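Sequences listed follow chains Z and P, in order.
For the first sequence, counting from 1, position 10 maps to 10 in the numbering used here; every step adds exactly one.
For the second sequence, counting from 1, position 25 maps to 25 in the numbering used here; every step adds exactly one.
To be clear, the hints were calculated from the coordinates, so they are not data collected in a lab.
Possibly wrong hints are sitting among the right ones.
[Unchecked claim] Derived DSBU-like pairs (lysine-lysine); straight-line CA-CA distance at most 30 Å: (1) Lys11/P with Lys264/Z; (2) Lys39/P with Lys414/P; (3) Lys378/P with Lys367/P; (4) Lys264/Z with Lys230/P.
Just so we're clear, the structure is a prediction, and the values are computed from it rather than from any experiment.
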Amino acid sequence: MNKLLSLAAAAALTLTSFTAYAAGGALVPPEMPWPSVGYFGAFDKASLQRGLKVYTEVCSGCHSLRLLSYRDLGDLGYSNAEVKAYAAEYEVLSEPNKDGDRVLIQASSADKFVSPYANEQEARALNSGALPPDLSLIVKARNRGKGNFFANFYDMLRGRGYASGADYVYALMTGYGDPPADVEIAEGMHYNKWFVGNAIAMAQPIYKADPAADGTPGTIEQQAKDIASFLMWASEPRFEERRAMGTKVLLFIALFIIVLYMLKRRVWRDVH
Amino acid sequence: MISAHSAPEFKNSVVRWIDRRLPIFTMLHGEYIVYPVPKNLNYFWSFGGMAMVVLVVVVLSGIMLAMQYAANTDLAFDGVERIMRDLNYGWLLRYVHMNGASMFFIAVYIHIFRALYYGSYKNPRELIWILGVVILVLMMATAFMGYVLPWGQMSYWGATVITNLFSALPVIGEPIVTWLWGGFSVDNPTLNRFFALHYLMPFVIFAVVLLHVAAMHQSGSNNPTGVEVKSQEDTITFHPYMTAKDSFGLMVFLFVFAFFVFIAPNYMGHPDNYIPANPLSTPAHIVPEWYFLPFYAILRAVDFQFLWLVPAKLGGVLLMFSSLLVLAMLPWFDTSKVRSCRYRPIYRWFVLLFVVDVVILGYVGGKPAEEAYIVIAKLATLYYFTHFLMITPLVGWIEQPRKLPNSISESVLKSV
Ligand code: HEM
Chain Z
1 MNKLLSLAAA
11 AALTLTSFTA
21 YAAGGALVPP
31 EMPWPSVGYF
41 GAFDKASLQR
51 GLKVYTEVCS
61 GCHSLRLLSY
71 RDLGDLGYSN
81 AEVKAYAAEY
91 EVLSEPNKDG
101 DRVLIQASSA
111 DKFVSPYANE
121 QEARALNSGA
131 LPPDLSLIVK
141 ARNRGKGNFF
151 ANFYDMLRGR
161 GYASGADYVY
171 ALMTGYGDPP
181 ADVEIAEGMH
191 YNKWFVGNAI
201 AMAQPIYKAD
211 PAADGTPGTI
221 EQQAKDIASF
231 LMWASEPRFE
241 ERRAMGTKVL
251 LFIALFIIVL
261 YMLKRRVWRD
271 VH
Chain P
1 MISAHSAPEF
11 KNSVVRWIDR
21 RLPIFTMLHG
31 EYIVYPVPKN
41 LNYFWSFGGM
51 AMVVLVVVVL
61 SGIMLAMQYA
71 ANTDLAFDGV
81 ERIMRDLNYG
91 WLLRYVHMNG
101 ASMFFIAVYI
111 HIFRALYYGS
121 YKNPRELIWI
131 LGVVILVLMM
141 ATAFMGYVLP
151 WGQMSYWGAT
161 VITNLFSALP
171 VIGEPIVTWL
181 WGGFSVDNPT
191 LNRFFALHYL
201 MPFVIFAVVL
211 LHVAAMHQSG
221 SNNPTGVEVK
231 SQEDTITFHP
241 YMTAKDSFGL
251 MVFLFVFAFF
261 VFIAPNYMGH
271 PDNYIPANPL
281 STPAHIVPEW
291 YFLPFYAILR
301 AVDFQFLWLV
311 PAKLGGVLLM
321 FSSLLVLAML
331 PWFDTSKVRS
341 CRYRPIYRWF
351 VLLFVVDVVI
361 LGYVGGKPAE
371 EAYIVIAKLA
381 TLYYFTHFLM
391 ITPLVGWIEQ
401 PRKLPNSISE
411 SVLKSV
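Using the sequences plus the hints, can you model the full thing?
Structure representation (structure tokens):
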């Protein structure tokens, strides 16, 4: 089995080196070692918390996260009080009061993440016509794989799930730079190696920052890793529940297979 | 081949009471306990039962999803995500349903291959076979409409492309498409009716499966030798033999199913369906679900006018439907008297080649319509039809089949 797997791996690697384009015509970003992938991986909670900080301080100025509730943040290791305090930084419209008015009140844990813009038109107006996409599902939506069947199949067996979407977000955050001499980038657009067509309306969002309180360096790469991890978590907050249950279910079925096989052998003993 | 065994004396008095008035227990006893099946069935014969189990699983998970789902273009996408995130075990329901559809097609495609290879479609099982193709068509319609419900980009654009095919019909095409949509584009009315139909169709499938199985119990199962059952020596009772064997096969199948649900639930899906439907932004490549790809390739293989009469689009549509029609007519294209490819030294290779051809069609069906892929699609489509219309009848005539065993028992004894 091991031999078979490594053979498949070798075949997959050779094939990937030929095709560098994923579905949708994007360049395939390099694979990152996300701690949550694989059969026994787990999210690095500290990294998710730093990722939330990057989202709150940088991305949330332009990108909504409308499918996520504040109470979901409990999964990142925050206490109820902390979640409540985080939500209270934002305002939502109340239900009509007794005068029939709706007023702005502090958001509660049960509210969804408040969007930076009232609607798409406002979002476009403030971003010179471009629409910053909602980030709730961005990792699943950019999970384009590696551009060939065998590499994707191998990733599936390794339990990488939608990690190629996180690879992309990381690559996008770190992929800014000067365009090659022969590439013309229009006014207001920015060169990014990993974006389809290379000209993206989003200016480089992450720059070098001070180290975090726990001493984690504030490099672009570190912040990009954290925000990509956070968005991977946000794409499916029930992921850890799914995989924990999956391990048990698969184990149970595997044992049941053995029992049924022995039963079958016994029943069929006298058939010729 | 209704069992000759008389009804047993049931121990439970309630069962006895009911059975005397409505003999369902006698029937079940006859059809699923003492029912005689050839004793040499291999694991390919387990896939029908597996398909039945996934069908039930997909229907049950679907009914529970429907209790939470809202068929409205403003609510559908976020509503499905609400099921995934906020409903207890909602993610499980949705992933089971989503991957259940794929597992259903996997089981049925293998089931069909079994019939192709062992000649199960031949006299006297032609009706079983045709009902099977009807099931396949119904499954495709059901799955297509189900895929529209989460209202992602691929939902919307897939629905647009496929419903638009009807516009290829001369004169009545455009009005029909407008009628199907309930408007001038895929929109809220379309989503509503697709939901209603998606809920209805599986029950139609159940009905046809019932006929399919009833017809099968009439002629009895085929077997790997393709030689009919001659005496009781050739058979075993359904219970405990097939129940034990099928349970084992089913559990292996469920392992794969569970693997997809829990470890790789999005592997067989398209990432763009996690982007909400947007009529103003067409995805770079519109790709249907994997199980449609061979047929999609046949559809796109026609990019030329046919005889100045049939425009390309209509040609593609006609060819796609013909591909299912020739499949249904296979019993009449096959001229060989021998059922099983075990004893057909030439045709067996052509059956395998046909599978390769379908895989190639599936591969190019998922690729953009670019030059090289179109050429491959055309050749593979040509081969698909050649297989049914020329190779199958010709090989049946010229092939010298190997000597058939006198009975199933003889073949089993020889192989021991
Ligand atoms: C909803 C999907 C289907 C279900 C639930 C189903 C179920 C079954 C079951 C339980 C059997 C008996 C067990 C077996 O021989 O495997 C059977 C037999 C058969 N099925 Fe299906 N089936 C389905 C679809 C199809 C399709 C699409 C075809 C072909 C186009 C097909 C062709 C046959 C044939 C030819 C037999 C007789 C097999 C033999 O005895 O050799 N079935 N089916």
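Comparing the hints with the structure gives:
| no. | hint | in the structure |
| --- | --- | --- |
| 1 | Lys11/P with Lys264/Z | holds, 27 Å |
| 2 | Lys39/P with Lys414/P | holds, 14 Å |
| 3 | Lys378/P with Lys367/P | holds, 14 Å |
| 4 | Lys264/Z with Lys230/P | holds, 25 Å |
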